[in-house]
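Student: Residue numbers (the working numbering), protein chains in the order written: chain A, 47 to 308; chain B, 361 to 525.
Bear in mind the hints are in silico, worked out from the structure with no lab data behind them. Hints are not guaranteed to be accurate.
Stated by the list, open to error - Which chain A residues stay away from chain B? Per the calculated CB distances, all over 10 Å, these:
#	residue
1	Val67
2	Val73
3	Gly85
4	Asn86
5	Asn113
6	Ala115
7	Asn137
8	Ala218
9	Arg233
10	Asp241
11	His246
12	Gly259
13	Leu268
14	Glu277
15	Val305
Unchecked claim - Straight-line Cα separation of at most 35 Å, DSBU-like style, residue types lysine-lysine; simulated pairs:
#	chain 1	residue 1	chain 2	residue 2
16	B	Lys406	A	Lys98
17	B	Lys522	B	Lys406
18	A	Lys107	B	Lys448
19	B	Lys448	A	Lys58
20	B	Lys448	B	Lys520
21	B	Lys406	B	Lys520
22	B	Lys522	A	Lys100
23	B	Lys406	A	Lys58
24	B	Lys448	B	Lys406
25	A	Lys100	B	Lys406
26	B	Lys520	A	Lys100
27	A	Lys55	B	Lys406
28	A	Lys55	B	Lys448
Quick caveat, the model's predicted, so the values are computed rather than measured. We put the CB at the ideal spot given by N, CA and C, even for glycine.
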Amino acid sequence: MDWRSSWLKERKTLVHALAAVLLSLAVLVSGEGLAVPAGNVTTLFFYYPFQKLKDALDAMKHTAEDNAALSATVVDLSTRVQFYNEILTENERLRAMLGFIERSQVTVLPAEIVNVEGPGIPNRVLINLGAADRIQRNQPVVNRDGLAGRVASVMSNYSLVYLMTDPRCRVAARDKRSREQGIIRYRLYRGMYLDNCPQHADVAVGDTIITSGLGGIFPEGLVIGIVTGVESPENDYFYNITIEPAVNFNGLDELYILVGKP
Amino acid sequence: MIRVVPYVLYLLALAFFRTNLAGLVSIGPAQVDFAALLVLLVALNKREVETLWFAFAAGLVYDAPDPSRLGVQMLILTLLAALMLQVKERFNLESVGSRMVLIVAGLLIYSVPYTMVYATSGFSDFFRVMLVVAIPSTVYTAVFGWLFFMLQSGRLTYAKIKSIF
Numbered sequence: 047m048d049w050r051s052s053w054l055k056e057r058k059t060l061v062h063a064l065a066a067v068l069l070s071l072a073v074l075v076s077g078e079g080l081a082v083p084a085g086n087v088t089t090l091f092f093y094y095p096f097q098k099l100k101d102a103l104d105a106m107k108h109t110a111e112d113n114a115a116l117s118a119t120v121v122d123l124s125t126r127v128q129f130y131n132e133i134l135t136e137n138e139r140l141r142a143m144l145g146f147i148e149r150s151q152v153t154v155l156p157a158e159i160v161n162v163e164g165p166g167i168p169n170r171v172l173i174n175l176g177a178a179d180r181i182q183r184n185q186p187v188v189n190r191d192g193l194a195g196r197v198a199s200v201m202s203n204y205s206l207v208y209l210m211t212d213p214r215c216r217v218a219a220r221d222k223r224s225r226e227q228g229i230i231r232y233r234l235y236r237g238m239y240l241d242n243c244p245q246h247a248d249v250a251v252g253d254t255i256i257t258s259g260l261g262g263i264f265p266e267g268l269v270i271g272i273v274t275g276v277e278s279p280e281n282d283y284f285y286n287i288t289i290e291p292a293v294n295f296n297g298l299d300e301l302y303i304l305v306g307k308p
Numbered sequence: 361m362i363r364v365v366p367y368v369l370y371l372l373a374l375a376f377f378r379t380n381l382a383g384l385v386s387i388g389p390a391q392v393d394f395a396a397l398l399v400l401l402v403a404l405n406k407r408e409v410e411t412l413w414f415a416f417a418a419g420l421v422y423d424a425p426d427p428s429r430l431g432v433q434m435l436i437l438t439l440l441a442a443l444m445l446q447v448k449e450r451f452n453l454e455s456v457g458s459r460m461v462l463i464v465a466g467l468l469i470y471s472v473p474y475t476m477v478y479a480t481s482g483f484s485d486f487f488r489v490m491l492v493v494a495i496p497s498t499v500y501t502a503v504f505g506w507l508f509f510m511l512q513s514g515r516l517t518y519a520k521i522k523s524i525f
């Protein structure tokens, strides 16, 4: 046995530790080229069976209740759709008369939550739709109460969603009543707030904040939350506007992805 | 090859925990750092080389749903395992108390980079998140470690639990 193999044998643990650390660093700096396929394979092998099991159990548990609730909802919505179709036809006719550009159609895809993560309040969820379901990065994610977040990364059968409670999820927004604009942000322990809104703007407690449609990611008119406080700090050009989110992030069950250009 | 089987089962347990149990067993902001606990328990009970590669694989499984961060947990858990392997040589691990000291210290060390990478939006949040989320999570996770050691040492058995009722 030469000195090299004897040296390696004596320091076997150190060599393995270094190899594992270097491999971790390689994965970390490799970007999507290595991380996405590795993540896909691992998710498929380790997470997919448990997700299938969870889906099956959830389906068994809730099928009867869901059917009854959905039947009532279908009747209610069918009536409303007839009413709204009339309004839509009228709206399209008036928009055509005014020369407005046509709004694109957005399809809604229901998604189930596979995993929820976040410190204190959830800020990231994994959903059971991926590239195979036409999901793309930055597509808006909503639930029945309003805007929940956006798709952050897409795998073949899963996608990661940054919720509105993630500091990386910023949304161009406006006051529904006064049309004043700003940027919705979220910070842990500060909560949701409307940033970049100057102190001369007309924003009041109780106003509904909706997406403005600026930025091209989120369509206009999705409900974000309600203004719960407006402060005018001295020596600052902007208001401190706190928002109560419309979506209950601690009780997320179903999410919907808006597919199509906003 | 057969030696790999238990580790694959541990990794499946980690994925099962993250998919189905993590939300159920969390109490307020306190969550169970199952990946770190698994790595620490493996470090205390298994061979060195196997522990290091298990920590690496646990990091891979942990971050797989979020490829944008793949590598972070691999690095944190591998370094944690390496550190634990170094420290345990200097400890008398006969008593549950000394093993618990290592578990709590390991979980606290793990929570620092975890909080920096996963839980904060800036340096100002760091200490607050450590105080409100990371430390309660460490204590809560350590309870599970303590239960494991009690079961492992035979001090907690089904008969003893039954006798309470």
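Student: Now tell me if each hint is right for this structure.
Tutor: So, going through the hints one by one against the coordinates:
| no. | hint | in the structure |
| --- | --- | --- |
| 1 | Val67 | violated (6 Å) |
| 2 | Val73 | violated (4 Å) |
| 3 | Gly85 | violated (4 Å) |
| 4 | Asn86 | violated (8 Å) |
| 5 | Asn113 | holds (25 Å) |
| 6 | Ala115 | holds (23 Å) |
| 7 | Asn137 | holds (40 Å) |
| 8 | Ala218 | holds (19 Å) |
| 9 | Arg233 | violated (6 Å) |
| 10 | Asp241 | holds (13 Å) |
| 11 | His246 | holds (29 Å) |
| 12 | Gly259 | holds (26 Å) |
| 13 | Leu268 | holds (23 Å) |
| 14 | Glu277 | holds (19 Å) |
| 15 | Val305 | holds (21 Å) |
| 16 | B:Lys406 x A:Lys98 | holds (32 Å) |
| 17 | B:Lys522 x B:Lys406 | holds (31 Å) |
| 18 | A:Lys107 x B:Lys448 | violated (47 Å) |
| 19 | B:Lys448 x A:Lys58 | holds (17 Å) |
| 20 | B:Lys448 x B:Lys520 | holds (30 Å) |
| 21 | B:Lys406 x B:Lys520 | holds (28 Å) |
| 22 | B:Lys522 x A:Lys100 | holds (31 Å) |
| 23 | B:Lys406 x A:Lys58 | holds (15 Å) |
| 24 | B:Lys448 x B:Lys406 | holds (12 Å) |
| 25 | A:Lys100 x B:Lys406 | holds (32 Å) |
| 26 | B:Lys520 x A:Lys100 | holds (33 Å) |
| 27 | A:Lys55 x B:Lys406 | holds (19 Å) |
| 28 | A:Lys55 x B:Lys448 | holds (21 Å) |
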